[in-house]
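Asks: All chains should be built: construct the whole structure from the sequences, respecting the hints.
Protein sequence lines, in the order shown, are assigned to chains F and Z. Under the working numbering, the residue at position 48 of the first sequence is numbered 48, and the numbers go up by one with no gaps. Under the working numbering, the residue at position 78 of the second sequence is numbered 78, and the numbers go up by one with no gaps.
Keep in mind that the hints were calculated from the coordinates and are not lab data. Just so you know, even glycine gets a beta-carbon here, dropped at the ideal spot from N, CA and C. Do not take every clue at face value.
Unchecked claim - Computed beta-carbon distance windows for the label pairs: (1) Val82(Z) - Glu62(F): 17 to 27 Å; (2) Pro70(F) - Leu112(Z): 44 to 54 Å; (3) Ala14(F) - Ser83(Z): 11 to 21 Å; (4) Arg108(Z) - His10(F): 43 to 53 Å; (5) Ile60(F) - Thr5(Z): 15 to 25 Å; (6) Leu39(F) - Ser79(Z): 25 to 35 Å; (7) Lys9(F) - Ser83(Z): 21 to 31 Å; (8) Glu69(Z) - Pro8(F): 44 to 54 Å.
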Amino acid sequence: DSGVTQTPKHLITATGQRVTLRCSPRSGDLSVYWYQQSLDQGLQFLIQYYNGEERAKGNILERFSAQQFPDLHSELNLSSLELGDSALYFCASSVATDMNTEAFFGQGTRLTVV
Amino acid sequence: GNSVTQMEGPVTLSEEAFLTINCTYTATGYPSLFWYVQYPGEGLQLLLKATKADDKGSNKGFEATYRKETTSFHLEKGSVQVSDSAVYFCALRDLNRDDKIIFGKGTRLHILP
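Replies: See below:
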């Protein structure tokens with residue numbers, strides 16, 4: 001158990017809908033990362049938050065947004081869903097000020113858009 | 001920008017064979033390097049890491065050495081087992097740039113009994 005909790009584990013929704021994925025980082029970790037894993041694209045970095053502030057942005061679509069709350073949990077919002085958004089979405093957390101420490105990953109949320 | 005390139009899979013080996021998965025990186029600073037493993041249906045787990053040049057990370061029989069001169073971090077294991085079948089990701093982290101953790105595309109490994 002990595003200590004990072006993601007909910008829900010599975011999500012099936014229709015095109016055009018909006019969903020929210022939730023992540024609770026490890027206790028004490030201030031930094032949260034979101035990644036999208038699809039079969040043909042590998043692990044794509046979406047966005048990173050540190051202590052409530054956006055710190056780095058990757059290949060995140062405008063239809064997607066995220067935030068980190070005062071209790072450090074994070075949510076990833078995906079709207080106007082398309083079939084191509086079907087993927088595994090991972091959250092990871094880390095101690096941001098020490099680059100020698102690894103990120104710890106949750107089990108992921110598998111999103112299926114039908 | 002920073003990037004990681006690893007050998008494409010799938011890689012299929014027989015049990016007890018020697019494994020090498022190549023990984024090279026591009027970075028403007030002095031990153032830390034990681035290998036993660038993803039077993040079927042699970043999230044990524046750290047396998048090993050190295051934080052400076054010439055460091056060797058090791059775990060569960062796997063090893064990788066941080067080679068600054070060749071910008072490489074190849075993963076090796078002397079004798080693989082069926083239970084090593086998984087997807088392996090090479091990654092780097094560089095706080096001097098923007099703290100993104102950059103992953104390679106992953107290499108799927110199949111070990112045959």
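Asks: Next step is simple, just say for each hint if it's right about the structure.
Replies: Hint check results:
Taking the beta carbon of each, Val82(Z) and Glu62(F) are about 44 Å apart, not inside 17 to 27 Å as hinted. As the Cβ distance of Pro70(F) to Leu112(Z) is approximately 51 Å, the hint placing it in 44 to 54 Å holds. Taking the beta carbon of each, Ala14(F) and Ser83(Z) are about 39 Å apart, not inside 11 to 21 Å as hinted. A hinted range of 43 to 53 Å for the beta carbons of Arg108(Z) and His10(F) is inconsistent with their spacing of about 22 Å.
Under the hint 15 to 25 Å, the C-beta atoms of Ile60(F) and Thr5(Z), about 23 Å apart, fit the expected range. A hinted range of 25 to 35 Å holds for the C-beta pair Leu39(F) and Ser79(Z), which are about 30 Å apart. At roughly 24 Å, the beta carbons of Lys9(F) and Ser83(Z) sit within the given window of 21 to 31 Å. Between Glu69(Z) and Pro8(F), the C-beta spacing of about 46 Å keeps the proposed range 44 to 54 Å intact.
Consistency with the previously given hints fails for numbers 1, 3 and 4, ordered from lowest to highest.
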